[in-house]
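In the order they appear, the protein sequences are chains A and B. Residues 47 to 116, numbered by the numbering used here, are exactly what the first sequence covers, in order. Residues 35 to 298, numbered by the numbering used here, are exactly what the second sequence covers, in order.
No lab work stands behind these hints: they were computed from the structure. Careful: at least some of the hints might be erroneous.
What the hints assert, rightly or not - Residues from chain B that face chain A, not an exhaustive set, calculated with beta carbons under 7 Å:
1) P51
2) G244
3) S261
Stated by the list, open to error - A few chain A residues that don't get close to chain B, going by computed Cβ distances all over 10 Å:
4) K50
5) T52
6) K54
7) D64
8) I87
9) C103
Because the structure is a prediction, the values reported are computed rather than measured. For every residue, glycine included, the Cβ atom is placed at its ideal position computed from N, Cα and C.
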Amino acid sequence: MPEKKTFKITHNRKWCKDCGICVAVCPKKVYEIDRGDRHAIVRSQDCIGCQMCVEHCPDFALTVEEVKDE
Amino acid sequence: MRLDFLRSERLPNIWCPGCGNGIVLHALLEAIDQLQLDPDKVVLVSGIGCSSRAPAYTAFDNVHTLHGRAIPVATGIKLANPDLTVIVVTGDGDSSAIGGNHLIHAARRDVDITVVVFNNYNYGMTGGQASPLTPDSSITTTTPNGNLDRPFDLVNLAAGAGATYVARSGIYFTKHLVDHLRKAIAHDGFSLVDAVAQCPTYFGRFNKKGSAGQMVTSQKDWMVLKSVAGKKTPDELAGKIIIGEFVNIERHAPESAAAPKEQA
């Protein structure tokens, strides 16, 4: 069985406007809205790299890259 | 999408949190990237409105014109320099109301430009007034008791005016949107893509459509693929809109006949 891939999520806080679209579109519930009404990356180990959040981010604030250990 | 297509110093953009315009712009840049166009040969032309701010965030050449007059300027650019890829970035009000006449006549002349309509169903920049694409009985600032008028069907309007490539897609279906934008840009002739976005600040709030995230994901429920829609009854399709490619005719545009491209 192939090993589970890991992904690095980069979140540009300066560009993000906390709209919550990434929370709504993520199929693995990687993001969550915290008490301060700001969303946070809480389960990055669950990310499957589908790029849904990247494609749906209106503020170009997210990038998801596969982590390759050499 | 290549990040060097963006003017990073201009970001964050001015759009409200959850605005769909950014998603359409992302898809447009992705389509340009997939076509591997020379960034120096791409021109984005826009009119006035929320959507028309989009070219200012891209590294391509862009012209910000008068309200509704993006298509005449784009026609001029294309005629003066047919080597350029000219894309008009426009909103629903900008293209169908103020620039409605330019839209149908550019379609009739079959100018080789691509019109990308960022359709958020109202005039977002000025406070959420009704546009010609606002659906029947929707609440906006100018129609507080519900819109009495029927909306334009932009796809049929463009097809009836003679556009040779017409497609509609939604921002939830980003792969579908990128696919059709790519085909529209590569198409030789007038092409129009109706990209259905959302305005959570005005249209969504007045019509109780929920948060920005709910508005994006709800597109799954009220959009039907054209291939699937053929098998459904009219009752099942009530209140839904069909997405997909509606017109795709290959014919040479007038200016490509005047200045024929060299065949390899």
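Problem set entry | S261 of chain B as chain A interface residue, shortest Cβ-Cβ below 7 Å | violated, 22 Å
Exercise. Are P51 of chain B and chain A close enough, Cβ to Cβ, to be under 7 Å, as the hint says?
Worked result: With a minimum Cβ separation of about 4 Å from chain A (threshold 7 Å), the hint on P51 of chain B holds.
Exercise. Does the no-contact call for I87 of chain A survive, Cβ to all of chain B over 10 Å?
Worked result: holds, 16 Å
Exercise. So is D64 of chain A really clear of chain B, every C-beta pair being over 10 Å apart?
Worked result: Contrary to the label, D64 of chain A does not stay out of reach of chain B, its closest Cβ about 6 Å off (not over 10 Å).
Problem set entry | Status of the hint placing G244 of chain B at chain A (closest C-beta pair under 7 Å) | Because about 10 Å separates G244 of chain B from the closest Cβ in chain A, which is outside the 7 Å limit, the hint is violated.
For this session: Measuring Cβ to Cβ, find out whether K50 of chain A lies farther than 10 Å from everything in chain B.
Result: holds, 24 Å
For this session: Test the statement that C103 of chain A is away from the interface with chain B: the closest C-beta pair must be farther apart than 10 Å.
Result: violated, 7 Å
Problem set entry | Assertion that K54 of chain A lies farther than 10 Å from chain B (Cβ) | holds, 15 Å
Exercise. Does T52 of chain A sit more than 10 Å from chain B, CB to CB?
Worked result: Holds, since 22 Å exceeds 10 Å.
Checked against the numbered hints given earlier, the structure breaks hints 2, 3, 7, 9 and satisfies all the rest.
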